[in-house]
Each structure stands twice: as structure tokens, then as C-alpha cells.
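Peer 1: Sequence lines, in order, name chains A and B.
Converting from the first sequence to the numbering used here requires adding 1 to each position, the first position being numbered 1.
Converting from the second sequence to the numbering used here requires adding 18 to each position, the first position being numbered 1.
A hint or two may mislead.
Unchecked claim - Pairs of lysine to any residue, SDA-like flavour, derived with a Cα cap of 20 Å:
no., chain 1, residue 1, chain 2, residue 2
1, A, Lys382, B, Lys94
2, B, Lys370, A, Ser359
3, B, Lys94, A, Val123
4, A, Lys365, A, Asp224
5, B, Lys374, A, Ala149
6, B, Lys374, A, Pro391
7, A, Lys390, B, Val371
8, A, Lys433, A, Ile457
9, B, Lys160, B, Glu338
10, B, Lys370, A, Gln32
11, B, Lys165, B, Ile151
12, A, Lys412, B, Ile151
13, A, Lys412, B, Lys150
14, B, Lys374, A, Thr424
To be verified - To give a feel for the contact side, a few chain A residues facing chain B, derived at Cβ under 8 Å:
no., residue
15, Ser63
16, Lys390
17, Pro391
To be verified - Residues from chain A that keep clear of chain B, each with C-beta distances beyond 10 Å, as calculated:
no., residue
18, Arg246
19, Glu267
20, Leu280
21, Gly431
22, His555
23, Met586
No wet-lab data here; the hints were simulated from the structure.
Note that CB positions come from ideal geometry on N, CA and C, so glycine has one too.
Residue-level listing of the chains:
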Amino acid sequence: MDSGKVGVDKSLSSDLRHGYGHIGIRVVVLQKSAKNLPMTVTPEEGGEEETLVDVGNTPVSSYLEDPKRGRLCAVFLVNGQRQHGWDNAFIQRDLEFKYLRNRMIVIVDVDGLRPEAISKLVQGSRHQFYEGEVYETLRSRVIATLKADPDLERLEAEAEEEVYELKSGDEAVKKALDKLIEEHNSKAIRKTQGAWESGNRTDEDVGGSLDTSREAIVEDDPDVGKKGYEPVLIVIPETYTVRLRPNETRRLTLTSQPVSEWRNYESMDLKIEPEVEELSVIQNILSQGATIDLRFGEPENFDEDEYPVETTFRIWARFRGKDEPRMVERRIIISSPKKRPPKPPPILFDEPTYLKISSHQPIKFYEGGPDVHVKLQWDGKDYLSAGEKPIWLFEAKCTSEGVSPAMTFSKPKDGKMELLIQTPTRLTAGDKIGFEVAAMGPNSRLLLTTFEGEVIRPPEPRKIAATVRTGGQRRPPYELKYIKKENYHLETCWGATQWTEDDPGCFQEPTQTVPLTLIINEDMNELESYRESLIEKRLAESTIEERKTNYVSHIAFHLYQMYRSSKEGRESGEGNGNESKLEDMRKEIRRVSITLLRLMES
Amino acid sequence: MSTETNLEEFVDTEVFLRNALCALTSKDVETLLATIPVVSEQDYTYNHETPENGWNQGKFHWVPVGRDRGNAGRIKLADNPINPIAERLINGMEALIELSRQRELIRDQKSPSPCSPREAVKRYFGLPSLDKIPLGENEERKSIWQKARELARKLRMRLVTNKASGEFTVVIEDEGIGQAPENVHKTLLSLGATTKGDKPYLIGVFGQGGASAYSACRYSWVLSRLAEDLRCGCNGGIGWTVIKHIFPSGRRDDYFAYLAAHPDGRVPFFTEAVAEKVGVRHGTRFAHINYDFGRGEAQVVRRLFPALNHVLFNPIIPYELYAARDSADLMSGNAYRLSNLSVRGPKPVLDKVFEKQDVSGY
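Extracted from the complex, chain B is given alone in its bound form:
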């Protein structure tokens, strides 16, 4: 019978957590991983039927994401560097909505679920579709934007550049529902094992869009903590792991694996006390380290704004972007930017909407 590998046996977990939050280069990650016992991917090959076979007690092992050795085909879906980031941001938006929905259900179990993500955002945050925010300088607009700004602060994307190593790191953090450590491998690290099918207010369905980010970087460091009022006996600590791309020696079937603490796939965790001490609140944080943008810093920063505003053209929730600097830009998408031209000019010569165009088959 395998037992869960306990981080506390090897390191000062508070220090480790603090360092993990600052790990922004490949070297940082490798230095931290060197302080804990990790079985090499060449020495442990995960088998879905018998994951315990070869498991070295008291050590951490690399387990395929989704516990599927053939996961590369479902992860390597990105055709450019921006889409995975957008997918991660979408995950963050869903986490914010789900937190509100679960809290609503605590208050009233019979409360009907919102019919769409936009309806959910309207219900929980009082935000209309961003491109439909009332125009003009009026109190209604100010009030809505106040809400939008507050909400955006709960979903942040940071682009960090390291001049010495020449690496980019993309950090996406939300203050959403988060996950209990014992569920991280079933949710954040699953592929296609959806929990969203009966939730029309969420965006994704198969829960694997964000996973494409793994293939765009060298390491991904994920930390997640479930919101306190939703724990219901679950672990109040922080589940964490590192994901990397593995190329088995002499084989062509590469795959993506994460660091597991137990053969059933559970991830390591920091205790509730350590989480409190370090001040990590609920939500999820993905740091995609050594992110491959395929170009230099100036170009990356320059392209990030238009590209994100284009891919998330009319995001259901605005978010903050820290593009290689300490101050944030509020990202509201191009649909809003176009609407805003009517107020701040140059006014478009035409801005026309045809709602509900019937699309009939032949």
C-alpha cells in the first residue's frame, strides 16, 4: 500500500513555497526540484492499470498529465503562443464564476443555474457584455466600470522576462474557486474528464484547452487552493506540482508529466498553516516557465496587447495584464475598444449591430 510522499520530510515547506512563488526561470525550478527526492522519468514508467509498479516510496514521481501516457496529441494543440494563454485566462474566468455559483448554492440549493457564461457574469458581478457597457460619461457607466476593475484584479496575467537567461515566463493567477490538493489531479491535471458538462454557465467543456500551455513552455508550476467556505472537510492547503515535457529515451512517443506524490495521481501539497503563513489565498496560479514566444522581448511585449485583445475579443470578464512591468493594463477586448471609440474617438463612421440573424440549414 503506497503512502503519499510528504514534502515536509525533505524541506522547510514555508521556504520552499516562498521560493516556488518566485521561481520564474528554468534554473529556479531545477534548483528547487533538486532539493526534494524525485525519481527520474527514465526510472519510473507510469502504467494506468498498475501505477504502483516501480513506485519508489517516499519519493516524487513523474506521472502523465491526465494519467494518460499518450497525452501529447491532446496537449499539443496550440498553433501560436497566444492561444494557450487565452485558454488559461478563460480557465481563470470560469474559476471566478464557479466560486460565485457554489456560494450561491450554499445560500440556496434550489437556485437555478445561469443559462450562459454571460448571464452568470451579469448575475454574480453585475457586468453586462463589455461591448454593451453604456456609452457616455454617466453614473451608470462609472459604476459598471468600477465593478469591472475590481473583478479584473482577481484575474491577472503577468509576462516576466529574464534578461540573464533570455527566458519568458507567463504567470496566470486567479482568485477563483481553486482546488483542494486531493482534487488537483482530477481537475486541473485531467484531460477530457469534464466536470463542466452540466454547467451551461461555464465556457469550456472538456477541460483541456489550458493544457496546451504545457507544450509552449519548459516547465509549468501550478499551485491551487480551494476557497475556505467551500472546503467541506477537504484539505485547506495548497496543492502544487510541476509539469514538463518528457521525451523517453529511444522512443518517439513524447508525453507531458507532472510531479505526483502518490501512485493514484495525487499532487504534493503545502499545509493550511503554511499557506496562511505565506499568505496564499484561494484560487489557482499557473506559472509557465521558459515560454516559447519565438521572438524577442520587444516584439513579444508589442504583440501581446493586440493579440490578446483579438483572441479574447469580447471577454466575459476583463483581466489585468502585467506586460514585463509592475503596473497593470486593464484588458477588455477589441469589441469594447471599438465601442469605446464612440466615446473617446475617433468615432467610427459605422457601428451597426444585427442581432439574432437566423441561421437556417438548407
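Isolated chain A (complex conformation):
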């Protein structure tokens, strides 16, 4: 192993088991939209044009050998020639950056490996490496380098949030529908104390809430509570504090770890403590998690001095087959925006004056975890440490006795770089390790900084005692779906096997895993005619969209009310949802739809 310093080529023994040399890893994440991809790229000043045909739909398509199969977005190069590659399953499964899989390219340059190691990898066909010992070590190194990369984690979290936003779809309709339901409920009298039913919020004034202390499973440090078992609840982004701006909606994503356990999700309760009247919470259950929209509606004449407003939210969820509920808690800070001028680009010098650690300290090392990325900053220009013979060299060493993790630096960009430390083996939780980083320039110029690392066990499921809300909910969650003509045969409609162009919508009762589903027929005859009439009138797109929102939200609301009424009827023994009832409901929603459209036309 290395002495702990970097920047100097190592002297390695001839035994390949003790060192294969080094590799260079480059990771590129492209912008999301494929539309941004240039159809033609002019490679050089005044040079010829390279004609690039649009060959696929993802941002990386034009960089892949076979874009249709997402092939070989991770490539291994020997003298610049691809000798091996992985498809995007590597990004999804090994790196766990599912949402970056169509935007990410990994380039591994293996020229720095020892000839013996390259020889063991490269086969006569040059099509792929021999998947033996050297290959496996190489593979582990690539994964360890990239898996905990903070930039990639951030981009993945951002991408995930966006995907969830897309999945929730038609936000305007849902907001309108939620408003209708909330307005209706605020005037309604709660009749019964319900069992747990996931929904918008739990209000004590509707009765039936009973707080009890019981055990729950959380993800926490190993010294908290007792050992627990998966699943645990996680909130994305994974920050403990959620910051809100007044009148701005912040969307969080809730899911289980592992995500696959979400299929056993049963119910959820969310509580804000202390309650903040102006803070609205809207949750939407999806197939792989839930979205939670937080919004602080600033009242008129709200005193600026009241900021920041602080509270917490707790989410409890039940999973089928698990005794204890799962819990996650986050702190919310609402503060008014401080208008900060855009950050000026860093001022960098030919003669740098400082080197500092910008990661939060102490640096955490997880036992057996991937490489640790320590962020560094200096005020030297990038060229000073670039190239084969850089003017300035960076070195890092571990100052704790008996510990010598391998360390390397990423290439500086705008004065920022990262020190990668391979998590030291033979250390246990609680151990502290000291590090020293030096930048060495001409004329014995030296910039020095130090930091401390702490070895900890990774967070795991822990069982803790906590207060559980067991009260009822005002409204159940719902899922809003649309159906088109071509899919009429795929869904049932009020007990019938097929939809018709006369059906405006229907509801499907919730099951153990699927919430109440409200289905709107987009191709209903009268709605189609109404849409055409709006277009003929040359109304603005926004106006057409607004009217569509009104229609859909009202039909959905009516369906929602029909479900509630049907449910209450059943509970009171008035009916069992027989065929004639279903047929009545089918006629009723059609009557409502036509009346609504006529009203909107007038």
C-alpha cells in the first residue's frame, strides 16, 4: 500500500496482488433535455463540420455505440481505444444513481495500470476485458470512487425530485381538487373516529386523535435505541433541516429504504409540531413513495420580525406485515428570502495564498463504506496544478499512526477540488484519524491545512420509543388518472368491463395498496366538443387550460363525494354497492358532467 501520500508515482512490487497501478476516472453528467443536443457540432475553429445524426432520445445517445440499448455508457480505454464497457445498469444497480442513468458517462483510463495488469485484462479480440481478479479489483475501485460522490448524489436527488414531480402530473387539477375537498371538509362535521387513513393532515379539532407512546423504527446512528429492521422511511433530499420561503412550495419525496418495500405500504400520518396555521401540507401517494408539498402562505401584514418560523414534521407510516410503524422527522425553518447578490466567481491567483477544507468536519468515515470525498478549496488558478508536470503539487497524508489509506485528488476546477480517501480498513467506530493536506509550489512555497476524520457505523434501522398519533384523518388520499379512447378496454367503468364515449369518469375504491382512484375520461364526446368550441373561439392557451382544470377538478370532486357517500352508505348498512347503485352513479356523473359543460359554455 501507499505511504498515504499522493502526487508521487508509487514503487510497486512485482507481485500483482499488491498493486496493479492506477487508473483515471472521468464522470460526465449531461443536461437533461435531449433537445439541447446539437445536431451538428463544429469541432474546430474554421474546421470541417462533424455531422452528428440524432440517434436516440436520451442526452447521452450520441455518445453511445448503440443508443437504443443504452449500451456502454461506462467505457474502459487503453490508449484511448475502448476495450471494455458497461451499460447503464452499472449506473443504476452498482452506483445506485437510477435517475442519472441516461445522462451519465463514465470514462476509465487504464493506461496507468502496470503492463502485467493490462495484459491480464486485454484479450486478443479487444472487445472486452477478461473478468478475473484484476478486473474485479478495477471494478471495485470504480464503484468506490463514484458511489459516494457528493456531486453525483446531489444530481441524483435533484433528478429524483423532478421525476416525482412529473409522476404526480396535472398539478393544477390536483390543487383545485384539494381545495374543493378542503373547503368542503372545513364545513363538515366529522361523524366518526376513523382508523388510520392517510391523508392531507391530522387536525385535532376533528376529533378522535389519541396520542400513545409506542415503539417505532427510524433510521439512526447505531447507538440510538435498540436494533430495528427494514424498511425505514427516508425523505429526499436527505437534509435534516428543510428550509422554506414564504409563498413558495417545497416538494419533498418520501419513500422506504429499500424502495421495494413501498409495495407493502398501508397508511401514513403526518404531523406538524408545533402547529403552524399558515403551513399547508399536501401529500400524494405514488407507486414508489409519496410527495409532500409544504407551503407557508404568508398572511397579510405578517411581521418580518416573526421570521424565522420553526417547527418540525413527523411522518409515521405503516407497512403490511410489520408491527412497528416507521417514522421520520425533519425540522422546518421558514424564513424570508435574503436577497443575496449572485456569488462572484472566485478570485484565483498565480501565487495562491491559502488552502482550506470546505467539507463539514469532522469528516465521517463509514466502516466498510465507499471512498470519502473531502472538499478542498484554494485560491490558485487551475493551471497551476494541471498537466503532467504541474507547478504546484498536492499531497495528503494521514497523521495518525498505523493508518495509511490510499488518497488521490480530483482535478481542480475554479479553485475547488476533492481529496478522495479510501476508507481505511481495520478501524472501528469511534476511532479518530488526523490528516494533513499540503500544496507545494515553487521556491518551497507551502500551503498547509489539516482535518480530522471520525469512523462511525453507518445509520441503520433502530427501534425507539416515540409518541404515535392514532387519530383519524379527514380525507383519504386519492390518485387522479385519465383514460383515453384507446384504453377504454383496460379499465372497468362502474362495474362495466369497458368505458364508452358517454362516460365522463368513475371512481375505483381503495385497496390495501392502491388509494382511491378517480378516473377522468379525456375523450368523452361532450368534453371533446367543448374543447373544440374553445379552440374555435381562439381563446388563449392559458384560458383553455384553466377551464379544463375547472372541469376536471369538479368532476373529480364529485366522484370523490360519490365515493364518500357510497362508503358511508355501506357502513350504515344502507347499501352494498349493487349494480343498480353503480348504474345510478354512472348516470349521475354523466348528468353532472353535461350540466357543468353547459354552464361553462354559457
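Please arrange chain B on chain A, whose structure you already have, making use of the hints.
Peer 2: Just chain B, lined up with the frame of chain A:
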């Protein structure tokens, strides 16, 4: 004692050379070969121990590539049509480097050899790794790209389509060191007889990667001429031959053979005077005729760019691609294209490099 079969005895070699340079379909090749005496592969079976046995004086014979009758296993290595082309381009890059290296040695015999192909490219052509070309609109970048363009013109790949015959031809030509006619069979047509083992500045080792192209086409026509200042008494003409896939009648052991002019494996050649007259300079030209891409023209042209840029992801030397048209595209590989996004956008949201990641065994 066998003598070398002399092309001049049968054809006007200048006309033959001109036609050979234009031979882009199977029919062209067969028409040209019909003008010279060639012993059928069924009538001459090469034996490594006694190649003279059965040799018909004054005629050309089919001799196994690498003079190894069992060469198919070492030639049929390609799993798709692009890799052999990439291998040929790599050969061309090496030829350009080797030319500079040998010239350097003429100037200074003690000059240490470059430690890697990239170092060689930097030393001889002033080119850094293409993905590390300085960004931004500045003089340094312009100057480097000027060099890159000039260098790329010395290594060309042409895709030619013939609508009448429905054939593709892939021509790869370099202005590198080339080979003297008397050495073509020991170098370009060898298999595993490496001359690169002690040359860390070259890419391949066993000298057989490019041979996989033989199995991807019906005929390969190769021409090579050694650079003038490196001849040292060698033949200054152009060595040439045609390679084809042979399926011996009644046998399962197919092999690849080239047209030889002598039982020791030497290839036919055009004289120096003819080479000068026709204007063939130093370097090597491989025309792989009736190349099997497995798909139609539009798809082939469409796929060629991304596929070549992917296989030669960060080529040590850029090259020109004539994809079924007269104008060239400068091919610099995907690594450069990704770096270039930072200048010409859309800028990647992340472009991060971890250099020198230590790979330790367990």
C-alpha cells in the same frame, strides 16, 4: 530455386496500379486479377516447411496470411463491423508515430524512446490528449487544433458505397512509415510476429488486430511504400497484394490467403518509377472491399459516426472520415466531444476527473 513473379511481364504496371487504386468493388478486383496469372487456391496448397512444392514459376499464388494455414482463429476476432476498422485506424496511428520515431533516430541514435503512445504524439506532433486540449477561444487552442487538423489529414478512412453492386468498401490510408515491398509479408501480413514488443510508444503488441478486417470483407487490397528517407537500400517501390477468405473444397478449415509472388511469402510490387509516376507517396493503404456491415447504406452511414467515436473514444491521433461523400469529418472521439461541450454547450452539469486512482489487489 524459385524466382519472384514479376508483374511487369503481364501488364502495364502503371495502368494496373491506377486501376488498383480505383478498385472498389468485388468485380473491379476480379477483373484486375483476371489480367495476371494466378494459380487457383485449389491447385496450390501452401506448406510452411516446403512452400516451393507445387509452386508454379512465373505465376502468383495464394499464401496463407502469416504463412499459417490455420490462421482463421486469429483473424476471425471481430464481433461487429466497427472494431476491425478501429483496429486499422490504430495501425495507421502507429505508422505515423513510427515514421517520426525512426526519423528521430536518424537524427540522434541515442534519443530515448517515448514511454507511451501519448507521449510520442506529444513529442512528435505537439498534441496533448485530445480531451485535454485547452478550453476557450484562445491562441493556444487554435494552434493545437491547427496541428490536429494537419495530422488528421494523414490518416483517412473512406466509406464508399456502390449502389449498382450494393457493396461497401472501407479504405483506410495513412501517410506513415509504410513498408518496403520485401517486408510487407513479414509485417503487414504477419500474425503474431511482433516488431513492437520493445516499443512502448506503439499501441498494439501482436500486430494482428487489423487483420480482423479480412474476415469482414470479401477482398482486401493492400498497398504500402516505405518513406524515402528510411529506405536504406530497400526497394522504393510499392508492395501490394490482395487478401481473400478461402474455403478449401471438402474441408472445414477455412483460412485467409494473400497473393504472393514468391514461395517465401514476398508480395508483388510496383517499381519506384511507377510509384512516382502515379504519385503514390509513402504510407499504407488498405481497401476492404465488399465490407459486411449487415445493414443498409443509410443505417451504416448513420451508425458510423457514433460507433467510431465510441470505439476510438479518445484516440491518440485524430483522423478524417469520408462517410460516403467527398468532404471529410474530423474525428476526435467522444472524450473530446464531451470536453468540447463546456465551450460549445450545452454545458454538462458535471464533468469531473479523478486522476491516478490507485488500484490495489486484495
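Peer 1: Determine for every hint whether it applies to the structure shown.
Peer 2: Status of each hint after checking the structure:
Proximity of Lys382 of chain A to Lys94 of chain B is assessed by CA-CA distance (about 51 Å); at most 20 Å being required, the pair is judged violated. As the CA atoms of Lys370 of chain B and Ser359 of chain A are separated by approximately 18 Å, the hinted pair is consistent with the 20 Å bound. Restraint check for Lys94 of chain B and Val123 of chain A: satisfied, since their Cα atoms lie roughly 17 Å apart, inside the 20 Å limit. Only pairs whose Cα atoms come within 20 Å are accepted, and Lys365 of chain A paired with Asp224 of chain A is accepted, the gap being roughly 16 Å.
For the given pair, Lys374 of chain B sits about 18 Å from Ala149 of chain A by alpha-carbon distance, which is consistent with the 20 Å threshold. Under the criterion of a C-alpha separation no larger than 20 Å, the hint pairing Lys374 of chain B with Pro391 of chain A is consistent with the structure, at around 14 Å. Taking the CA atoms of Lys390 of chain A and Val371 of chain B, the gap is near 17 Å; set against the 20 Å cutoff, the hint holds. At most 20 Å may separate the alpha-carbon atoms for a hinted pair to count; Lys433 of chain A and Ile457 of chain A meet this at roughly 9 Å.
Taken as a hint, the Lys160 of chain B and Glu338 of chain B pair is honoured in the structure, with Cα atoms around 18 Å apart against an allowance of 20 Å. Distance check on the hinted pair: Lys370 of chain B and Gln32 of chain A sit about 14 Å apart at the alpha-carbon level, within 20 Å; holds. Taking the CA atoms of Lys165 of chain B and Ile151 of chain B, the gap is near 12 Å; set against the 20 Å cutoff, the hint holds. As the CA atoms of Lys412 of chain A and Ile151 of chain B are separated by approximately 15 Å, the hinted pair is consistent with the 20 Å bound.
Using a Cα cut-off of 20 Å, the hinted pair Lys412 of chain A and Lys150 of chain B holds, with the two alpha carbons roughly 12 Å apart. The hinted pair formed by Lys374 of chain B and Thr424 of chain A meets the criterion: a straight-line CA distance of about 17 Å does not exceed 20 Å. About 6 Å separates the beta-carbon of Ser63 of chain A from the nearest beta-carbon of chain B, less than 8 Å, and the hint is met. Interface hint status for Lys390 of chain A: violated, as the beta-carbon distance to the closest one in chain B is roughly 12 Å, over 8 Å.
With a least beta-carbon distance of about 11 Å to chain B, the hint placing Pro391 of chain A at the interface is violated under the 8 Å criterion. With a cut of 10 Å on Cβ distances, Arg246 of chain A stays outside the contact zone with chain B, its closest approach being about 24 Å. Against the 10 Å criterion, Glu267 of chain A stays outside the reach of chain B, whose nearest CB is about 38 Å from its own CB. Non-interface call for Leu280 of chain A relative to chain B: holds, since the shortest CB-CB distance, roughly 32 Å, exceeds 10 Å.
Under the 10 Å C-beta cut-off, the non-interface status given to Gly431 of chain A relative to chain B holds; the minimum distance is some 26 Å. Against chain B, the non-interface label of His555 of chain A holds: every CB pair exceeds 10 Å, the least being about 41 Å. Listed as outside the interface, Met586 of chain A is consistent with that label: its C-beta sits roughly 50 Å from the nearest C-beta of chain B, beyond the 10 Å cut-off.
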